[in-house]
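Enquirer: One-letter residues, chain by chain:
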Amino acid sequence: MATSSSATLSKTVKQQYMELPQGDKVQAMYIWIDGTGEGLRCKTRTLDFEPKSFEDLPEWNFDGSSTSQAEGSNSDMCLMPAAMFRDPFRKDPNKLVLCDVLKYNRKPAETNLRITCKKIMEMVEDQIPWFGMEQEYTILGTDGHPFGWPSNGFPGPQGPYYCGVGADKAYGRDVVEAHYRACLYAGVDICGTNAEVMPAQWEFQVGPCEGINMGDHLWVARFILHRVCEDFGVVASFDPKPIPGNWNGAGCHTNFSTKEMREEGGLKAIEESIEKLGKRHSYHIRAYDPKGGLDNARRLTGHHETSNIHEFSAGVANRGASIRIPRMVGQEKKGYFEDRRPSANCDPYGVTEALIRTCLLSEEGDEPAEY
Amino acid sequence: MASVSLSSRLNKAVRQQYMSLPQGERVQVTYIWIDGSGEGLRNKTRTLDVEPQTIEDIPEWNFDGSSTYQAEGSNSDMYLVPVRMFRDPFTQDPNKLVLCEVLKYNRLPAETNHRMNCNKVMEKVKEHIIWFGMEQEYTLLGIDGHPYSWPTHGFPAPQGPYYCGVGADKAFGRDIVECHYKACLYAGVNIYGSNAEVMPSQWEYQVGPCEGIEMGDQLWVSRFLLHRVCEDFGIVATLDPKPMMGNWNGAGCHTNVSTKQMREEGGLEFIEQAIEKLGKRHKEHIRMYDPRGGKDNERRLTGHHETASIHDFSAGVANRGASIRIPRPVGQEKKGYFEDRRPSANCDPYAVTKAIAYTCLLHSEDREESEEENIPAM
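Going down the list, the sequences are from chains A and B. For what it's worth, this note's numbering labels the leading residue of the first sequence as 2, then goes sequentially. For what it's worth, this note's numbering labels the leading residue of the second sequence as 11, then goes sequentially.
One thing to keep in mind: the hints can contain errors.
[What the hints assert, rightly or not] Derived pair list, reagent style EDC-like, types lysine to aspartate or glutamate, alpha-carbon separation capped at 20 angstroms:
1) B:22 with A:175
2) B:54 with B:70
3) A:108 with B:137
4) B:270 with B:224
5) B:287 with B:375
6) B:130 with B:221
7) B:344 with A:57
8) B:114 with B:45
9) A:26 with B:188
10) B:270 with B:137
11) B:134 with B:322
12) B:344 with B:250
13) B:290 with B:224
14) B:305 with B:322
15) A:12 with A:175
16) A:260 with A:60
17) A:12 with B:241
18) A:280 with A:265
19) A:26 with B:376
20) A:104 with B:343
21) B:345 with A:60
22) B:305 with B:188
23) A:92 with B:343
24) A:108 with A:371
25) A:104 with A:51
26) A:12 with B:137
27) A:26 with A:64
28) B:287 with B:376
[To be verified] Reference listing, derived: stretches of chain A covered by chain B, where coverage requires no fewer than 3 residues with Cβ under 8 angstroms from a Cβ of chain B:
29) 24 to 33
30) 43 to 51
31) 63 to 73
32) 229 to 235
33) 285 to 292
None of these hints come from the bench; they were simulated from the model. For clarity, every value in this text was computed on a predicted model and none was experimentally measured. Even glycine gets a Cβ: it sits at the ideal position worked out from N, Cα and C.
Using the sequences and the hints, build the whole thing.
Expert: In structure tokens:
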């Protein structure tokens, strides 16, 4: 069975309970990033009021020894609400709350990249940095095999699947449709979706988001995806190379622009940024997946519309380059550029922070600067 | 499909057609009680002509105790005395759920009726305004007895990714949790929160803060709601403290406690005093913390899997391997509450809260227990 048992529980029964009125009580589901830097965790609490913003929400704590974040003898970790969204699973007035994780000494947890990202974003606020991230992912059955693929086998080679339609081309579209609607309901800035090159692989895009919002919206969009897949009984994987061989990997292409780049003659600022990026390739590769580049090593081969992990390159309309300048941007001489290096399981806080440090703060060398 | 009951596959649309029939003035009241095992819940329903407004409107009833391990057939009538009323999330308003105390034929409390004595203790310590919060862990099983959604005759990947997890490969049976939460909110149970637990198919919800006798009332009703929701879905909730042997977590009912003094400035001093008293009565408490005098907890309190060893008493700030844990913010703010991590998932909350209230607030070392007036011997 490719789908989980839980997915076969009666949804009619579930609906009857979910429609019960809840008085003036509100459920707030706190969401955080665990010790792997990729996994998401969640737990719920009841509130006596409907929060109007994340500032209304109380701090909470959790057992860090169960999430690879602390030892059992000193395991309390702190959850600080950072952003709030509507809950598309339990619906209004219930909320999803993205949180910062702090250690027992109130310092950010190792995988809490948000705190530093926020500081960096505040330093360049006046340049109004915008991001758009293209999240690719693969749907797997609970047996770990891509959903819809023949068991113990492979579908026909890539070619007909990208943006395809038809039961022989698009595997699992229900997940995509449900996820899109859930993101719209929640208030996540989802700007599009499409089927990807590998069958059972899909992409959604979030943006344009300014500054810290990019990381917030992308992490919540990922949580919603995992939850939607759980309801359907399948699994979403952000592994950057789920199937070795002649099958595409999954990335998180990151589009970036500043006010200057978006205005007349902005292409100059774009080219300056790309030049700075060219001098700091290994720093960025380390920031672009949760294993310091090891995950991306399986994906950035120079084939399958990727650049080679060892070399930096840029070009107009070039999908084999590290940085692609969209053709329209090349023509209008203003706009944005696309960094194609981040892997699908990257931390968007880490990625967006790296772009700001190199392009706008003009940092050089392999280590980030301290401010 | 082998893991869900046949009943759960009856047509729910058909059921809905009947359940939406109007019922006129009459009201269904479901009486709930604890049976002779001290763990099991029973229920039966009667019609009342008028919607009860308070618990006093609900009449006493009786049942056949010889069918619930509570009496001999020759003298089997037992009394059901209503003690607390809730809205019914299954048949909905105006129908009610009513938690009852069980009395024997001679009007004395049944053996597993720990509520009566708990209430006496709580009355005696009323001025301390003692609050409890209990964290009920439980495991979902298929009706084949294997944890729900585990591979047949097999095991999932080891513990690590499941605690608070999301995704079909991490969270098994979330529908139950969601529905139980809503049912509790509707019924008026003070449900505080929920989360996925460390072992896959294991979950936790918290009830509280509740003052005194309310803790036991609310926790028992929340358990009834859980069993009933699971029944609708065709799977089973078990409160067994160690459902799977080996490198799999057990299930507890961590009990958080505070008094007015502990919650106020400088309250840490009273917390530490309470912990010292508890440290001197470890064996007595262990006997009250599961329905088998400690035998159930022997399988769970090993010193591994975030438990303290059953043989030793220990306490520490933010220490999940201790018998008593003081949460870090409490250690920092020097006031708040403490967490007794010893009670097992299938404990009787009346027995647990009574033991804690008695030891911390009433017990005196220089008096024999039997000399203390009206205090039920432990």
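Enquirer: Give a verdict on every hint.
Expert: Tested hints:
no., hint, verdict
1, B:22 with A:175, "24 angstroms, violated"
2, B:54 with B:70, "13 angstroms, holds"
3, A:108 with B:137, "40 angstroms, violated"
4, B:270 with B:224, "17 angstroms, holds"
5, B:287 with B:375, "9 angstroms, holds"
6, B:130 with B:221, "14 angstroms, holds"
7, B:344 with A:57, "25 angstroms, violated"
8, B:114 with B:45, "12 angstroms, holds"
9, A:26 with B:188, "14 angstroms, holds"
10, B:270 with B:137, "9 angstroms, holds"
11, B:134 with B:322, "30 angstroms, violated"
12, B:344 with B:250, "35 angstroms, violated"
13, B:290 with B:224, "27 angstroms, violated"
14, B:305 with B:322, "15 angstroms, holds"
15, A:12 with A:175, "16 angstroms, holds"
16, A:260 with A:60, "35 angstroms, violated"
17, A:12 with B:241, "14 angstroms, holds"
18, A:280 with A:265, "26 angstroms, violated"
19, A:26 with B:376, "47 angstroms, violated"
20, A:104 with B:343, "17 angstroms, holds"
21, B:345 with A:60, "17 angstroms, holds"
22, B:305 with B:188, "32 angstroms, violated"
23, A:92 with B:343, "36 angstroms, violated"
24, A:108 with A:371, "16 angstroms, holds"
25, A:104 with A:51, "28 angstroms, violated"
26, A:12 with B:137, "48 angstroms, violated"
27, A:26 with A:64, "25 angstroms, violated"
28, B:287 with B:376, "13 angstroms, holds"
29, 24 to 33, "holds (count 3)"
30, 43 to 51, "holds (count 5)"
31, 63 to 73, "holds (count 7)"
32, 229 to 235, "holds (count 5)"
33, 285 to 292, "violated (count 0)"
Hints 1, 3, 7, 11, 12, 13, 16, 18, 19, 22, 23, 25, 26, 27, 33, counting from the list given before, are not met by this structure.
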